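Those protein sequences? They're chains E and G, same order as listed.
Using UniProt numbering, the first residue of the first sequence is number 1, and each one after it goes up by one.
Using UniProt numbering, the first residue of the second sequence is number 1, and each one after it goes up by one.
The set of hints was computed from the structure by calculation and includes no laboratory data.
All values reported here derive from a predicted model rather than from experimental measurement.
Accuracy of the hints is not assured; some may be wrong.
Below, simulated SDA-like cross-link-like pairs (lysine to any residue); rule was C-alpha separation at most 20 Å, straight line [what the hints assert, rightly or not]:
1) G/66 - E/44
2) G/66 - E/174
3) E/370 - E/381
4) E/109 - E/48
5) G/66 - E/173
6) E/109 - E/147
7) G/66 - E/168
8) G/163 - E/36
9) G/66 - E/146
10) G/163 - G/200
11) G/163 - E/35
12) E/109 - E/135
13) G/66 - E/306
14) G/66 - E/186
15) G/66 - E/261
16) G/163 - E/33
17) G/66 - E/167
18) G/66 - G/251
19) E/44 - E/33
20) G/66 - G/31
21) E/370 - E/261
22) G/66 - E/171
23) G/66 - E/170
24) G/66 - E/147
25) E/370 - E/271
26) G/66 - E/301
27) E/109 - E/170
28) G/163 - G/116
29) G/10 - G/31
30) E/109 - E/47
31) E/44 - E/110
32) E/109 - E/46
33) G/66 - G/240
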Amino acid sequence: MSTDAAAPAGQLPDSAGHFGRFGGRFVPEALVAALDELDAAYRKAMTDEDFLAEFDALLRDYAGTPSLLYEARRLSAQIGARVLLKREDLNHTGAHKVRNVLGQALLTKRMGKRRVIAETGAGQHGVATATAAALFDLECVVYMGEVDTERQALNVARMRMLGATVVPVTTGSRTLKDAMNEAMRDWVANVDSTHYLIGTAAGPHPFPEMVRDFVRGIGVEARQQCLDLTGALPDAVAACVGGGSNALGIFHAFVPDTDVRLYGFEAGGEGVATGRHAASITGGSAGVLHGTRTYVLQNEDGQTVESHSISAGLDYPGVGPEHAWLHDSGRATYLPVDDDEAMAAFELLCRTEGIIPAIESSHALAGARKIAPQLAAELGREPVIVVNLSGRGDKDVHTAGAYFGILDKE
Amino acid sequence: MSRIGVAFDKARADGRAVLVGCMPAGFPTVEGSIAAMIAMVEAGVDVIEMEIPYSDPVMDGPVIQKASDIALAGGVRTADALRIVDTVAAATGAPVVTMTYWNPIEQYGVDSFARDLAAAGGTGLITPDLIPEEAGEWLAASEAHGLDRTFLVSPSSTDARLKMTAEHCRGFVYATAIMGVTGARSQTSEAAPILVSRLREVTDLPVGVGLGVGTGAQAGTVAGYADAVIVGSALIRCLLDAPDQAAGLTALRTLSAELAEGVRNPAR
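Work out the full structure, taking the sequences as your base and the hints as a guide.
This is how it looks when you write it as structure tokens:
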């Protein structure tokens, strides 16, 4: 694996963080100095052998990467494609997010800051941040929408066990976007001592580029593993897209492989046509949210519209700017998967492979299931699809249990 | 010269600072916000800063967030805000500058917004989440329609950024007194006078100081070193905390008068 995990690749974004018409920095001036400092520290780290060696060692010895690429034969038989699961669910803390968090926590230390703050929706990024904060002895405050603290009580407890302070956010819709607003406000006030450890490839420059580079090892690994296993590159790569870090993480190494189709599956909620969804690319329009220009769920006046998804981790009304660009350029295809389709795929993976996936990742599985027949027809053979199983489903047992009606009455 | 420049010249001739009072459009209702802005001017506010409410105001503290939520829940739209500018400017003769986050402007259409704001009699726009590097379209539109541009500077801004940002401003520069969000504080900032003197090195434009000012005494302190004192949350709280509109307007008039007295007694 070595230093490939963090090697920046490709020409985008430009030096100001633009991916075509997307990205950039739409922030209060008070944050510009901190973003410049972060940008400089990140660029220095990316060419610093000590940093890269330390990051690689942490990924290997602490996070447990490279994660396996597992051929899911019983699932494959059900969906008519050879499905290879990138098992990010087996990483320490149970999701791909640990990769980004370890990279940013190392940078935090290098910048001499003693405090990290984070936003979290499902709680996975909050748990990962609290974990890294414990490991690196940093003070940690996690902002979480009050609605999410209720539906993800287990993760709230995990963060507190790890020593983090969890602040329930009671403004606005009391979900992930409001948690992000609150974290930004904290950062504006405490920027000298604090690093804002953004959990996805969104936000102002350099976050989208930096987070991508910290998670791109997923795709670097998967690409080589697929070559080793099948002797060829896959026909398609599938991932779920909320903010989009797991999808960029697995896409990025494949972007130059133009024969490999890239599919991002957005949360269709109750159906894009109902308006109750979180599919920013499929059902949104270009705008500015949380420091970047991207696709946003908004009304005519540019007011953010509330998103809806059974998956708390995808329940966000924006998307990382590089996805917006990959969409516009046609290099990746973004399609919605609704709650019911995702839950059907969740159940299918449980029953065929004995793996309980995160509901987020179940959107990628459902998407692979949707595109398999069409791919098979196009190729005239069974397609090979790499699916990013970005997280495990322990945190979702309550939601899924309620959905399937299998919880005993308390 | 812009109308806001006239206000600065007049205040300077009187040996005092300009008092800028903020109110969100449509808070608590469209009519209520018009009445509030008129009352503020009658009680001594020189310039109205009308905030167009936005769903995700990251530079604003709890008071303005709450007022914005109330305004948006009441259904206020950007077009309503522009009508309010027109009404208040006509009724008071005071300069009305708008403030909002970038996305509402981008969705309205940058040039269309500039055109319609100018037609409504607005003097310009304060942009809390737009830095000059991202402002190409706004620079062109504000030139085309003769509007002032106010970007923010912060105690964390480097000297080079202070200069660059001030060069892109027209009308006045907005200096954020503290590292933080809007909201009245018990003490005035120690960072603000330093920031203002650093700005004086790089620009001749008037400097307004905002964030954390809520009393006449604080206004006097800030008036000692700034050209304008910008007050938001403390004024808005008069309406939020009042049992009814009449009581709210009375409290708003009282505080406006106190602040107006403050800017006339600069601490030197």
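Hints, one by one, checked against the model:
Only pairs whose Cα atoms come within 20 Å are accepted, and residue 66 of chain G paired with residue 44 of chain E is rejected, the gap being roughly 42 Å. Taking the CA atoms of residue 66 of chain G and residue 174 of chain E, the gap is about 13 Å. The hint holds against a cut of 20 Å. Distance check on the hinted pair: residue 370 of chain E and residue 381 of chain E sit about 16 Å apart at the alpha-carbon level, within 20 Å; holds. The hinted pair formed by residue 109 of chain E and residue 48 of chain E meets the criterion: a straight-line CA distance of about 15 Å does not exceed 20 Å.
A distance of roughly 12 Å separates the Cα atoms of residue 66 of chain G and residue 173 of chain E; the hinted pair therefore holds under the 20 Å criterion. A distance of roughly 32 Å separates the Cα atoms of residue 109 of chain E and residue 147 of chain E; the hinted pair therefore is violated under the 20 Å criterion. For the given pair, residue 66 of chain G sits about 17 Å from residue 168 of chain E by alpha-carbon distance, which is consistent with the 20 Å threshold. Distance restraint check for residue 163 of chain G and residue 36 of chain E: the Cα-Cα separation of roughly 17 Å lies within the 20 Å cut-off, and the hinted pair is therefore satisfied.
Only pairs whose Cα atoms come within 20 Å are accepted, and residue 66 of chain G paired with residue 146 of chain E is accepted, the gap being roughly 17 Å. Of the supplied pair hints, the one linking residue 163 of chain G and residue 200 of chain G holds, its CA atoms being roughly 10 Å apart against a limit of 20 Å. At most 20 Å may separate the alpha-carbon atoms for a hinted pair to count; residue 163 of chain G and residue 35 of chain E meet this at roughly 19 Å. Restraint check for residue 109 of chain E and residue 135 of chain E: the C-alpha separation of about 11 Å stays at or below 20 Å, so the hint holds.
Between residue 66 of chain G and residue 306 of chain E the CA atoms are separated by roughly 17 Å; this keeps the pair inside 20 Å, and the hint holds. Distance hint between residue 66 of chain G and residue 186 of chain E is fulfilled; the C-alpha atoms sit about 17 Å from each other, no more than 20 Å. Our distance criterion of 20 Å between C-alpha atoms is broken by residue 66 of chain G and residue 261 of chain E, whose separation comes to about 46 Å. Under the criterion of a C-alpha separation no larger than 20 Å, the hint pairing residue 163 of chain G with residue 33 of chain E is consistent with the structure, at around 14 Å.
Our distance criterion of 20 Å between C-alpha atoms is met by residue 66 of chain G and residue 167 of chain E, whose separation comes to about 19 Å. With a CA separation close to 18 Å, the supplied pair residue 66 of chain G and residue 251 of chain G stays within the 20 Å bound. Our distance criterion of 20 Å between C-alpha atoms is met by residue 44 of chain E and residue 33 of chain E, whose separation comes to about 17 Å. With a C-alpha separation of about 18 Å, the suggested pair residue 66 of chain G and residue 31 of chain G falls inside the 20 Å cut-off, and the hint holds.
A threshold of 20 Å between alpha carbons decides the hint, and for residue 370 of chain E with residue 261 of chain E the separation of about 14 Å falls inside it, so the pair holds. For the hint pairing residue 66 of chain G with residue 171 of chain E, the CA-to-CA distance comes to about 8 Å; that is within 20 Å, so the pair holds. Straight-line distance between C-alpha atoms of residue 66 of chain G and residue 170 of chain E comes to about 11 Å, which keeps the hinted pair within the 20 Å bound. Pair hint residue 66 of chain G plus residue 147 of chain E holds up; C-alpha atoms about 18 Å apart against a cutoff of 20 Å.
This hinted pair checks out: residue 370 of chain E and residue 271 of chain E have alpha carbons roughly 15 Å apart, not beyond 20 Å. Restraint check for residue 66 of chain G and residue 301 of chain E: satisfied, since their Cα atoms lie roughly 19 Å apart, inside the 20 Å limit. For the given pair, residue 109 of chain E sits about 31 Å from residue 170 of chain E by alpha-carbon distance, which is inconsistent with the 20 Å threshold. Annotation: proposed proximity of residue 163 of chain G to residue 116 of chain G is violated, straight-line Cα distance about 30 Å (limit 20 Å).
As the CA atoms of residue 10 of chain G and residue 31 of chain G are separated by approximately 30 Å, the hinted pair breaks the 20 Å bound. A hinted pair counts as satisfied when its Cα atoms are at most 20 Å apart, and residue 109 of chain E with residue 47 of chain E qualifies at roughly 17 Å. The straight-line distance between the Cα atoms of residue 44 of chain E and residue 110 of chain E is roughly 10 Å, inside the 20 Å bound, and the hint therefore holds. Restraint check for residue 109 of chain E and residue 46 of chain E: satisfied, since their Cα atoms lie roughly 15 Å apart, inside the 20 Å limit.
At most 20 Å may separate the alpha-carbon atoms for a hinted pair to count; residue 66 of chain G and residue 240 of chain G meet this at roughly 9 Å.
Comparing the model with each numbered hint stated earlier shows that hints 1, 6, 15, 27, 28, 29 do not hold.
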